[in-house]
Amino acid sequence: MVHLGAMQKIKPPQRIFRDDEEVDYVIVGVGSAGGVLLQRLARAGFKVLGMEAGKFWDTERDWVSDEAGSHQLYWNDLRITGGEHPLALGSNNSGKGVGGGSVHWAAFTPRFHPSDFEVYTRDGVGADWPLSYEELEPYYELLEQEIPVAGPAWYPWGKPHGHPYAPHPMGGVGDVLIKGCTKLGIPVSAGGPVAILSASRGNRPHCIYRGFCIQACKVGAKASTLITHVPDALEHGAEVRDRSMVARISMRPDGRTDGVVYIDRDGRERFQRARAVIVSGYAIETPRLLLNSACPGHEHGLANSSGTLGKYLMAQAGNVVLGRFDELIRMYKAPPAHALTEEFYETDPKRDFARGFAIQTVGPLPIAFSKQMMAAKGLWGWSMRREMMEYNHWAALGLLGEILPWADNRVELAAERDQYGLRVAKVTFRLRDNDKKLIEFGKNKVMEVMHAAGAVEVVQESRYAHLVGAARMGKDPSTSVCDKFGRTWDIPNLFVMDGSVMPTQGSANPGLTIQALAARTADYLITQGDAIFNSASRDMTPPPVCRSLSPPDTFTSGAPHLR
Amino acid sequence: MSTERKPVTDPRTGEPLPQRAQPGYYSGFKTLSQQAFWDQATRDVVLRRVEYVPPIRFFNEQEAATMLAVVDRILPQEDRLPSTRIPLLPGLDERLFENRLEGYRYEDMPPDQEAYRIAARAFEAMAQELHGQSFHLLPTLQQEEILQSIHDGKPLAASQLWNRMNVERFWMLLVSDCCAAYYSHPWAWDEIGYGGPAYPRAYMRLTEGEPEPWEKGEQRYQWSPPADTLSGAAQPPAKGSAHQSHPGQAGTH
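Just so you know, the sequences run in chain order A and B.
In this text, residue positions in the first sequence follow the working numbering: the first is 1, and each later residue adds one.
In this text, residue positions in the second sequence follow the working numbering: the first is 1, and each later residue adds one.
Please note that the accuracy of each hint is not assured.
Claimed, not checked - Simulated restraints on C-beta separations:
hint, chain 1, residue 1, chain 2, residue 2, range
1, A, Ala407, B, Thr207, 44 to 54 Å
2, B, Glu61, A, Ala199, 52 to 62 Å
3, B, Glu145, A, Lys159, 55 to 65 Å
4, A, Asp352, B, Arg100, 36 to 46 Å
5, A, His300, B, Arg100, 49 to 59 Å
6, A, Tyr120, B, Pro55, 54 to 64 Å
7, B, Phe97, A, Lys159, 49 to 59 Å
Hints in this document: simulated from the structure, not taken from any laboratory.
A virtual CB, placed ideally from N, CA and C, is assigned to each residue, including glycine.
Use the sequences and the hints to build the structure in full.
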């Protein structure tokens with residue numbers, strides 16, 4: 001029996017496809033997007049196999065309530081990072097193992113705003129999406145029910161909506177955010193939106209406020225596709241092949257893929273036949289795999305006739321603002337994610353930059369906090385020891401700022417190779433003028449909130465959060481990698497579906513939007529049926545929204561207050 | 001043998017303060033006393049950290065002597081009774097021996113193993129060049145002058161060795177590794193009043209800084225760092241330094 005949270009147990013064995021058995025879909029990466037795709041396609045009756053480089057977790061045996069002991073959750077294999085403003089990777093933004101990043105996300109689940117889908121039209125910067133907010137909205141509503149989302153009954157920003165589960169009680173940091181914002185007349189959403197259960201559902205218990213969300217939720221209260229979608233996928237005949245690293249996508253002479261070459265858990269190279277392949281490896285591994293799959297006829301990587309593969313990589317500004325208070329806070333309690341404001345999300349003509357930012361609660365545990373003190377205050381030695389004794393007097397707020405997509409913020413292949421002999425990713429990142437102005441304004445606003453809350457000392461560290469882009473969707477095959485369903489322009493039975501398809505990123509955490517996009521693509525694939533496997537014709541009609549493929553318990557509890 | 005290190009003092013009298021089994025303002029708070037309320041996997045991981053000190057396998061004898069003296073200044077523990085000091089070097093050595101990575105390397109840095117080998121040689125070379133003596137035998141102030149110059153990104157000596165990497169990034173790697181070793185230890189949690197593991201029992205007092213029934217309130221006392229230290233005051237990084245452009249490494253939101 002495998003434990004998935006405190007109450008849910010599932011029984012192996014599961015279905016196992018033979019190597020020479022042609023499956024309908026191989027999904028590379030069982031994370032936020034891959035988990036949802038796997039579940040939908042399995043329910044619809046397809047033969048579907050998820051390849052995952054990391055392991056299938058047993059949450060009781062493998063996960064711990066311990067900061068240093070959670071190192072294995074992250075993508076720790078070598079990558080090279082550089083450029084003028086290099087991004088930290090690993091534990092900062094990259095998961096490994098079934099559930100992927102949804103295992104270690106803080107689980108903030110704001111939707112993108114309608115303006116996010118037409119940034120270029122409105123502001124003349126960035127790019128427009130090939131779909132509108134209205135096209136994605138039904139999938140936001142569906143996923144908010146499925147995972148489900150706790151938050152206020154009235155959420156005022158973007159397109160106003162409500163949440164199916166009740167908001168969470170405040171922790172010390174949420175109190176700080178509310179106090180500071182209220183002093184300054186800034187509205188705050190308290191208790192969500194987060195994909196953390198405020199009441200139990202089915203075989204998942206409610207949150208116990210232990211504060212280890214980003215070290216993976218042993219409780220099973222925080223949503224990850226490992227516990228929300230993968231069990232239902234297995235129940236409906238999907239296979240998850242864990243500890244299997246896909247090395248390259250195999251191409252036939254006729255320009256279609258026929259499967260993937262992968263390294264299995266015993267280190268053997270194997271080939272899995274498939275009628276179509278969906279790459280869901282997130283913004284570094286997805287372009288890396290497509291680049292590493294270069295072959296005759298695709299010398300610059302697969303799906304790269306536009307030359308945009310690997311480009312337009314985005315991270316959000318994630319500066320952490322730390323405030324010390326005379327009174328005790330104890331920020332290690334409660335989920336790090338429990339209150340936020342999107343009051344500064346939209347472009348404001350009174351400011352000298354396009355787009356905006358959010359302010360969110362964060363709750364660093366001692367090791368993360370000590371590194372923040374090193375970066376923000378230059379502490380070491382006795383000054384570090386002394387400041388750490390004040391840990392319980394500090395509160396932390398996060399800026400989440402939109403950084404625009406730029407072509408030369410990118411993923412390429414480095415000369416170095418990993419333990420499988422595959423070339424590793426090289427990531428290059430540099431801020432531009434608009435990004436710098438936005439970060440400066442946003443950081444100062446968060447510091448102002450911290451002061452208004454009564455902090456006696458306020459410092460900050462620069463940081464970047466999340467990774468999206470690098471295989472972007474678009475309307476024009478000459479400037480994008482895939483269409484609005486993630487179907488690559490160049491190879492009719494090869495799809496990309498994960499955060500890498502995003503043309504812009506707003507200042508909302510990307511997890512919910514990734515899952516909503518995946519559910520929509522699943523509906524498209526189901527509607528298209530065998531045409532994906534046999535035809536190169538491209539039907540751009542949006543599929544009907546299918547509400548009959550949701551996991552059990554989706555509609556038995558939790559009702560959104562607003563539609 | 002390392003030289004005598006000065007004690008922390010009472011700022012009102014300037015008198016030395018006695019060493020404590022548990023420094024910090026939460027006297028009597030013991031996270032380990034709550035281990036019966038932790039889950040098995042967490043208990044195994046935390047107890048191994050307390051009970052098992054891995055052998056030194058990555059650094060050679062000379063490098064280990066230097067690096068032990070370095071980490072003792074990065075996170076000094078002379079306020080603790082020798083029996084309750086938290087070993088820092090073995091955890092770092094184990095990480096390097098097993099080549100456990102953080103998932104990335106900066107393009108202006110050599111691999112972690114190489115960076116630490118260079119640094120161990122460089123600290124010793126600096127000591128010999130500046131003072132004609134081994135780093136681990138220098139008095140506190142001279143050791144800390146050397147460390148301070150690495151913090152500032154302006155090595156006082158051994159520039160040929162330090163030229164092989166981004167010095168400020170190495171400093172942050174070193175301090176991060178030391179902090180990860182120290183603040184992952186339950187004795188450090190007791191020192192700072194951090195509640196530690198809380199599954200399956202949960203936390204229930206979420207606001208106003210209220211302690212759980214098994215936690216303690218603060219009992220503050222005054223103390224000053226030893227008179228001969230350079231590390232007693234905050235050193236805000238200069239604008240434009242690598243400290244400012246070095247992004248936060250841990251996921252937060």
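Status of each hint after checking the structure:
no.	hint	verdict
1	Ala407(A) x Thr207(B): 44 to 54 Å	47 Å, holds
2	Glu61(B) x Ala199(A): 52 to 62 Å	59 Å, holds
3	Glu145(B) x Lys159(A): 55 to 65 Å	60 Å, holds
4	Asp352(A) x Arg100(B): 36 to 46 Å	45 Å, holds
5	His300(A) x Arg100(B): 49 to 59 Å	34 Å, violated
6	Tyr120(A) x Pro55(B): 54 to 64 Å	59 Å, holds
7	Phe97(B) x Lys159(A): 49 to 59 Å	54 Å, holds
Checked against the numbered hints given earlier, the structure breaks only hint 5 and satisfies all the rest.
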